[in-house]
Amino acid sequence: MKAAPLLELKSVTKTFGGLTANNQVSFKVQPGEIVGLIGPNGAGKTTLFNVISGYYAPSHGQILFDGKDISGKPPYELAALGIGRTFQVVKPFAGLSVLENVLIASFLRYPKRAQAEKHAWSILETTGLADRAEVSAAGLTLAGRKRLEIAKALALEPSFLLLDEVVAGLNPTEVDLTIELILKLRDQGVTILIVEHIMRVIMQICDRLAVLNYGEKIAEGTPEEISSNPAVIKAYLGETAA
Amino acid sequence: MELLPQALIDGILLGGIYITIAIGFSLVYGVMHIIDFAVGEWIMLGAFLGLYLNKWTGLDPFLLLPLVFVVFGLIGYLLQPVIHRVISGRQGNPLLMGLVFTFGLALMFRGIALTGFGFYSHSIPSTFSDKSFFYEQGTFFMTVSGIRLAGLIYALVITVALHWLLKKTNFGLGVRALAQNRDAAALMGVNGKRTSSYVYGIYVGISAMTGVLIGSILSVSAQMGPDYTIVAFFVVVLAGMGHLAGVPWAAFLLGLVQSFFLIYLDPGLTMLAVFAILFTILLVSPRGLFAKGV
Amino acid sequence: MRSKIITWSILVVLVLGIVPLFVSDAFVLRILTEAIMWIGLAITFDVLAGYTGYLNFGHGAFFGIGAYTTAIMMVRANWPFTLALLAGARVTTICALAAGFPTLRLRGAYFAIATWALSLAIQQLALILTITGGPDGMRLPPFLNPLYFFYLMLGVVASTFFLLWFLLERAPFGLKLKAIREDELGAQSLGLNPTRLKIQAFVLSAVPTGILGGIYAYWITFIDPASTLSDLVSDQALVMVVFGGMGTLIGPVIGAVLIFSFKTIFWAYLSDFQLLYLIILGAVIALSVVFLPNGLWGTIRDRNSGRGGLKKKLTGPPPGIEAEKKDETNKSILTAELKSCTQKDGVK
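Residue numbers (the numbering used here), protein chains in the order written: chain P, 1 to 242; chain U, 243 to 536; chain B, 537 to 884.
Same shape as in the complex, but just chain P (with noise of 0.2 Å):
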């Protein structure tokens, strides 16, 4: 918790119409952490991501990211800043081979047709999808497709990486193969932020939580912390009974 912080939200609210999906949630982000991102469904926890990603400008509040204010940019400036993310409703280019889905995203860093195939093929190769990489992406399993997803983020080479529900809905293998594959990802140097419903994966990975409830943040901390937090229990791990 020394250095600064490579994410900062700073009482960020975002409401729609009359209703308010996020009020006054501030925390950081260290550089190389992996942070969680957990609270009930309806919680705000996308609306949160779609914000920091830049789907939403905030109504009220700053959002810095390594120090500069990102409040309000659109969603491919912060992917040129270094910000990539995944989507909980994986929605692959279907028309598209999985290879030209990694391609797309890797011109962003290699203009050059010949650099990024090059750029995307490695990035299929980490993510495990290079024997698919001619096949639709219509065409992939579901674990494939939230495997694209990330590979798709990845091909940005982001800094900080924001993923949304990755493991929800793979069978246990598949979650151990996101784990590690995010802790590698980790080890690389890119800062996570991560959405998730599975605790055993929210529990192992991350460094620090926050809980979102109501759109509030009501506790950060580490999984130990949090997991013994009163006010979590009763808003979340009492509801879930995990």
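Rather than coming from a laboratory, the hints here were simulated on the basis of the structure. The structure displayed is predicted, hence computed values, not measured ones. From the three backbone atoms N, C-alpha and C, an ideal C-beta is built for every residue, glycine too. Honestly, I wouldn't trust all of these hints.
Stated by the list, open to error - Only pairs whose alpha carbons sit at most 35 Å apart, straight line, appear in this in silico DSBU-like list of lysine-lysine:
(1) P:Lys91 with U:Lys435
(2) B:Lys540 with P:Lys112
(3) P:Lys91 with P:Lys10
(4) P:Lys118 with B:Lys540
(5) P:Lys10 with P:Lys184
(6) P:Lys91 with B:Lys540
(7) P:Lys28 with P:Lys234
As the list claims (entries may be wrong) - With beta-carbon atoms standing in for the labels, derived distance ranges:
(8) U:Asn412 with P:Gly189: 55 to 63 Å
(9) P:Ala57 with U:Ala403: 36 to 44 Å
(10) P:Ala114 with B:Ile541: 18 to 26 Å
Go by the hints and put chains U and B onto chain P.
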């Protein structure tokens, strides 16, 4: 200034007809996410059925409306599965394909009508045609034609009936569920395919009936389709796609714009004005003027 | 596949180039010139429709803007044709930018509607302005040299084809457009600016169309709103693209050749063909959407390359991966994944 009341009343009466053109169109978009390029052609075909039925039976067009509704409702009901097949295809861009498909239908219908009915304009006589009300006070005066008033009443009846159908019946609940979320609706036991077929049938039926009215109030011709397609588009874009509650306001606004251009300015400029308004609205608020929230 | 296409295309252009040496019949030359023009209109239409996923019913309007600008500069300002044509291209660019900025912020259906309204408005404008000659249209100074127009049309369309082939099939631009077509929102998180890409595509589609319009005006020597600005220009381009195969360059060429030949042949035999043609156009669109959703070329290509049609080779995978390619069962996927994350063993 003396013409102001006339311009207002004409605009409102015209707007009434536009409501019925746009309301079914908007409903179909909301439920099935289809933009039906053939909307004007359904109106045209309905108008011709009305014209010929009137010639053969001599019945007043208003009495023929139910029959026209049933005939075209059935056509729509039977056609919907084909459209469903097009827009649920996995390859390509299904929504774009839906647009292209109905566009093809529109061209075909227009071609067939031009071949079968020729280029002439007709009108469908009604008992209301020669009745009108005249009102004068000081320098203000206005004429309200009986048939146009009847048209407005028809529009209100259709609007209220649709409102009742959607808000008060189980069928309407299913339709609304379908518009909200297809998968959830299926879990609730809504038969998406059949409900969509009914909705499309109702829409085609209403459009055809409106065609008969337009044939009585204005005229019937095989080339009339695109004029009304643009009306439907305009009203629906103004109201916000799939946003039914905004339709009447948008329809009245278009009616007023047209009647003001007719009375005060050059009618030839109407299309340009309509386009300018459409353009501005899309620029300022792409979701339409009357759509609130998401 | 790719290099084959380009070899064949060059061959076709060369063959077309020497046709006038053997055929001197003015009628045949005229038909060929018009067919080439339609190929140009179809491939440019497909830049937006097939690659980007936007139906531009204002395509004909850009054709008309090019035609009218060229005509106005030649007739009213006495400019030479080449300069007038360049002016036409310039005005088309400006109009495309002006129309593209607001309309391309709109999604799918809104865009189709807005561009259709635009084309109607342009037609109205040409009808009421005096500089365009209103409903009477404009007559251009005749230049009766069929060979000149044949080669000009061929040159412009061939250049457009090769430019589009390079930009859409070779350069990153084409893939980026396809990403927009598939998922405009998701593409943004990959660093793509949809508005910018769409406007580039719009201009890329409109400018050659305007140039073709300018050539057409000088060639035909008479333009009026009813013919030059009619919906039929966009409509026919749409049929050609849908029937031939959207999102490819060869598809629209095949579609244009077939539809245009069909039209020409039947026009010769049936006097009241115009109405029948409308019915046939409509039927062809509707039927291809239902039975040939990928168009003629898309279907042929899919047949030849197994089901998906996605077996395009890009650079080929690095050695070692080729071996696993056929095996697509879940198990092999897992082993591949295991292999790729071998370093860490901290997790159970």
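Hint check:
1. P:Lys91 with U:Lys435: Holds: Lys91 of chain P and Lys435 of chain U sit about 25 Å apart, inside 35 Å.
2. B:Lys540 with P:Lys112: holds, 23 Å
3. P:Lys91 with P:Lys10: Status holds; Cα separation ~31 Å.
4. P:Lys118 with B:Lys540: Distance of about 24 Å is within 35 Å: holds.
5. P:Lys10 with P:Lys184: Holds: Lys10 of chain P and Lys184 of chain P sit about 30 Å apart, inside 35 Å.
6. P:Lys91 with B:Lys540: holds, 33 Å
7. P:Lys28 with P:Lys234: Holds. Lys28 of chain P to Lys234 of chain P sits at ~24 Å (cutoff 35 Å).
8. U:Asn412 with P:Gly189: 55 to 63 Å: With Cβ atoms ~58 Å apart, the hint holds.
9. P:Ala57 with U:Ala403: 36 to 44 Å: For Ala57 of chain P and Ala403 of chain U the Cβ distance comes to about 42 Å; the hint holds.
10. P:Ala114 with B:Ile541: 18 to 26 Å: For Ile541 of chain B against Ala114 of chain P, whose Cβ atoms are near 20 Å apart, the range 18 to 26 Å holds.
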